[in-house]
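Undergrad: With chain Y fixed as given, assemble chain E onto it according to the hints.
2 protein chains.
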Amino acid sequence: MVDKDSAFPLIDKLVVVGMGLIGGSVAVGLKNRGACREVVAVVQTETSGKEAIATGIADRFSLSLESLAPELGAQDIIFIAVPTLAVQQVLADVQRWVAEDVTVTDAASVKGNVVAAAREVFGQVPSQLVPGHPIAGSEKSGIKAANPDLYQGYRVILTPLTETGASHLQRVTKLWQTLGAEVLFMSVAEHDEVLGATSHLPHAIAYALVDTLAHDIGNPNIFRYAAGGFRDFTRIASSDPLMWHDIMCANRDAVVQALDQFIDNLSRMQAAIAAADGDYLLEVFSRAKKARDHFTQVLAQQTASQ
Amino acid sequence: MVDKDSAFPLIDKLVVVGMGLIGGSVAVGLKNRGACREVVAVVQTETSGKEAIATGIADRFSLSLESLAPELGAQDIIFIAVPTLAVQQVLADVQRWVAEDVTVTDAASVKGNVVAAAREVFGQVPSQLVPGHPIAGSEKSGIKAANPDLYQGYRVILTPLTETGASHLQRVTKLWQTLGAEVLFMSVAEHDEVLGATSHLPHAIAYALVDTLAHDIGNPNIFRYAAGGFRDFTRIASSDPLMWHDIMCANRDAVVQALDQFIDNLSRMQAAIAAADGDYLLEVFSRAKKARDHFTQVLAQQTASQ
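Heads up: the sequence lines are chains Y and E, in that order. Residue numbers for the first sequence follow the working numbering, so the first one is -2 and each next one is one higher. Residue numbers for the second sequence follow the working numbering, so the first one is -2 and each next one is one higher.
Bound conformation, chain Y alone (with noise of 0.2 Å):
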């Protein structure tokens, strides 16, 4: 059995469930840093199979976990990159073909309804299942945009629980700092509350103010006069539909309520607006951007100490 003190590889054969821009990352960057021995990608068609392997991020493919897993055990890792709301099936395919000794994990955006979802397929949550979150990604999406230092520099979230085996947690904990990043662990209440007010809000908002200017504003020309102030703040709404469909069904109640108190502030900032309340406006406006150069600065910090 392979353990956290062994020498490379560190994984006989890794399986990637969805094999998209996160997976694709994974198994690239642990592959070119000789960490696994086989990259095998469970896709859903034959076409998405042969474009894995001719990436050459795949050694070979499968059509289904239940073909592929009498041959793995526990020096082998399942890693699960399918969108949030998928991933239950996924565990379900795991719990009924799958030893109880290969360890499991996922890159969700959303972990609330990952262990959800463990609870009602297996009872509880198994041991061999590692919730995990990279915060790292991009606006792209597909194997093709697949690139073994994605992670380099960034940091990957795992919430375990109580129910989590130690060896499991070591194995997938060591995963990403092969690849580069630095591994924090949270509760799963406090990850999806962070992440609901962080990453989720802002993506509902750049796509709600995108989708005003361009279908409710009837002005043809509304993005002729945009700068490059307009390009950043509204990058995140070219990122996947669908992925960002299930996280904002996954995460529902933490993102309703960043929403709530979001358009609350907003609100507020419309009706000093309208009534001319300059020193509203500039308290918060001196408040957010303190706040924000604060921001700049650990962003700095944390580049610094890489």
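Be a bit skeptical, because a hint or two may be false.
Put simply, identical chains are the same to the list, so a pair is met inside one copy or across any two.
Think about it this way: if two alpha-carbon atoms lie no more than 30 Å apart in a straight line, the pair counts; the simulated DSS-like pairs of lysine-lysine are [to be verified]:
no., residue 1, residue 2
1, Lys287, Lys171
2, Lys141, Lys287
3, Lys286, Lys171
4, Lys47, Lys137
5, Lys47, Lys287
6, Lys141, Lys171
7, Lys141, Lys286
8, Lys47, Lys286
Because the hints were derived from the structure by calculation, they are not lab data.
TA: Same frame as chain Y, now just chain E:
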């Protein structure tokens, strides 16, 4: 008299009222290109004046337009680059002290209130005034951030009125073209509507979002786990609070209306998330992604044609 066909210098004295990022970049850009003979800064304090000279951007400074006005004529340009709500006071000085043949232009982000201020001060918009707005800038501010190429490849919108003199309009157009900008013409109302939607609205949103996270959500670590997407999305919240206070107040009606549409749209999205209305979310996200991707192409074409 200097006209558009004359050899350089295009301008004899460039008088910059308000020596910050915008005015400083115009001055150093024209000077570096040999397009003006002398830069005179009109500032409020000796300290600012000495700083403007120390940077090498201004040749001399004056603490009032009044003392400078007697030496100004048709070969000179007054460039007003003070915060939006301070433009009216400068126009009052122009009306009182400056000859009618001196070209006057401004760089305020809102044009309706500048034109209204001119009407109030002069009784009607004087032919010497060319309202303008460069669609470039930065979350930085101050003369130390001045950059001779700030406008290279960017757009400048001029909103001339029927009262605007053709020779003044030509000189200001040439000024911006000399700096490498593309000059576009638009009505005052369209300018304020378009910028309200593509610039002022996003700034209001960014300030409100950062303030919501920093002030209303009770998690002191909320920024620790934010990633690059959040950084891009909130960069504009580091913009100068006083400048944006002025812009929001000056373009009140357009900003309040754009906020109405955006808050409506975002509230519908919130309701769809709460109701798990996946069809609605997918439709809006897909439509927004398509619009944003189209915008990326338009921007790329503009960059390519520069």
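Undergrad: Taking the hints in turn, state whether each one holds.
TA: These are the hints, each one checked on the structure:
Taking the shortest alpha-carbon separations for Lys287 and Lys171, neither the intra-copy value of 37 Å nor the inter-copy value of 39 Å comes in at or below 30 Å. In the homo-oligomer, the alpha carbons of Lys141 and Lys287 lie at most 30 Å apart only across protomers (20 Å), although the nearest pairing inside one protomer, at 39 Å, exceeds that limit. For a Cα distance limit of 30 Å, the shortest separation of Lys286 from Lys171 qualifies neither inside one copy, at 38 Å, nor across copies, at 36 Å. With identical chains, the CA atoms of Lys47 and Lys137 are at most 30 Å apart within one copy only, with a shortest distance of 21 Å there and 49 Å across copies.
Taking the shortest Cα distances, Lys47 and Lys287 sit within 30 Å of each other only across copies (28 Å), while inside one copy they are farther apart (51 Å). Proximity of Lys141 and Lys171 under a CA criterion of 30 Å is satisfied intra-copy only: 25 Å inside one chain copy versus 46 Å between copies. In this assembly of identical chains, the alpha carbons of Lys141 and Lys286 lie at most 30 Å apart only when taken from different copies (19 Å versus 38 Å within one copy). In this assembly of identical chains, Lys47 and Lys286 lie within 30 Å of each other by CA distance solely across copies; the values are 28 Å between and 49 Å within a copy.
Violated hints, listed in ascending order, are 1 and 3; each of the other numbered hints is respected by the structure.
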